[in-house]
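Asks: Following the hints, put chain F in place on chain L, whose structure we already have.
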Amino acid sequence: EAQVTQNPRYLITVTGKKLTVTCSQNMNHEYMSWYRQDPGLGLRQIYYSMNVEVTDKGDVPEGYKVSRKEKRNFPLILESPSPNQTSLYFCASAHGTGSSPLHFGNGTRLTVT
Amino acid sequence: GQQLNQSPQSMFIQEGEDVSMNCTSSSIFNTWLWYKQDPGEGPVLLIALYKAGELTSNGRLTAQFGITRKDSFLNISASIPSDVGIYFCAGQLTNRDDKIIFGKGTRLHILP
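Line by line, the protein sequences are chains L and F. This note's numbering numbers the first residue of the first sequence as 1 and each following residue consecutively. This note's numbering numbers the first residue of the second sequence as 1 and each following residue consecutively.
Just chain L, with the same shape it has in the complex (with noise of 0.2 Å):
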């Protein structure tokens, strides 16, 4: 079944204590992309990757890192979490991204105290 992994599905964590959000898709998709959803804002792009070795900041990337060493994978990375960073986190992926729509993960949800 083609589909976007994301794990944890809840974490709960204290300030300053570093954090990965792993994500895997299985499509071969060459683009990946992670989103923050907060009431009232929606989704907004904090990384994405057009390929391996190929990473870009989306709207909102400060206190975030990401890496794309394998085509299938793309962690999100907090060093250093702050409550600013609670938030429900999305990762998707496409074929390219030209007019291919995203498939997006079940989603994690991230509580930092």
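What the hints contain is simulated information worked out from the structure, not anything from laboratory work. Think of the CB as a built atom: it goes at the ideal place given N, C-alpha and C, for glycine as much as any other residue. The reader is advised that the hints may include incorrect statements.
To be verified - So the derived list for chain F, only partly shown, Cβ under 10 Å to chain L, looks like this:
#1 Leu4
#2 Gln9
#3 Gln37
#4 Lys70
#5 Phe88
Stated by the list, open to error - Sample of chain F residues with no beta-carbon within 12 Å of chain L, all distances over it, derived:
#6 Met11
#7 Glu15
#8 Ser27
#9 Ile28
#10 Leu55
#11 Gly66
#12 Thr68
#13 Asp71
#14 Ser77
#15 Ser82
#16 His109
Replies: Frame of chain L, contents of chain F only:
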């Protein structure tokens, strides 16, 4: 940066009613996409539009790519309880590799 204005922000309707929501922008888009997010899940694509003026249906859903290429609407006919969720429009500025811009979503509530 480019923005999509999606309205309404939320809707409360009776089961069986028709629904209409839209997105507008000051920028020109080459692709319009409509997604639905069910509670606890990620957004799922409903309809993709690739040409100005295009009108596309998916069951009870109909979406149109505005002729000016700056807007799109989504209609849902005869709403049912499982239509509840958040609907997002999204646009792409070019057909080359470029990021997708999302509207802020329309939350649909259906009253029994």
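Asks: Each hint: holds or not?
Replies: Evaluation of the provided hints:
The restraint placing leucine 4 of chain F at the interface with chain L holds, with a minimum CB-CB distance near 9 Å, inside the 10 Å limit. Interface hint at glutamine 9 of chain F: satisfied, since its Cβ lies 8 Å from the closest Cβ of chain L, which is below the 10 Å cut-off. Because the closest C-beta pair between glutamine 37 of chain F and chain L is about 8 Å apart, less than 10 Å, the hint holds. Because the beta carbon of lysine 70 of chain F sits about 18 Å from the nearest beta carbon in chain L, more than 10 Å, this interface hint is broken.
The beta carbon of phenylalanine 88 of chain F is positioned within 10 Å of a beta carbon in chain L (closest approach about 7 Å), and the interface hint is therefore held. Listed as a non-interface residue, methionine 11 of chain F keeps its Cβ farther than 12 Å from every Cβ of chain L; the least gap is roughly 15 Å. With a least beta-carbon separation of about 25 Å from chain L, glutamate 15 of chain F lies farther than 12 Å from that chain, consistent with its non-interface assignment. Under the 12 Å C-beta cut-off, the non-interface status given to serine 27 of chain F relative to chain L holds; the minimum distance is some 15 Å.
Distance check for isoleucine 28 of chain F against chain L: the nearest CB is about 15 Å away, which clears 12 Å, and the non-interface claim stands. With a least beta-carbon separation of about 17 Å from chain L, leucine 55 of chain F lies farther than 12 Å from that chain, consistent with its non-interface assignment. For glycine 66 of chain F, the requirement that its beta carbon stay farther than 12 Å from each beta carbon of chain L is met, with the minimum near 17 Å. For threonine 68 of chain F, the non-interface assignment is confirmed: its Cβ lies about 19 Å from the closest Cβ of chain L, beyond the 12 Å cut-off.
Under the 12 Å C-beta cut-off, the non-interface status given to aspartate 71 of chain F relative to chain L holds; the minimum distance is some 17 Å. With a least CB separation of 23 Å from chain L, serine 77 of chain F remains clear of the 12 Å interface cut-off, as annotated. With a cut of 12 Å on Cβ distances, serine 82 of chain F stays outside the contact zone with chain L, its closest approach being about 18 Å. Taking the minimum C-beta to C-beta distance to chain L, about 15 Å, the non-interface status of histidine 109 of chain F holds against the 12 Å cut.
Consistency note: the structure conflicts with earlier hint 4 alone.
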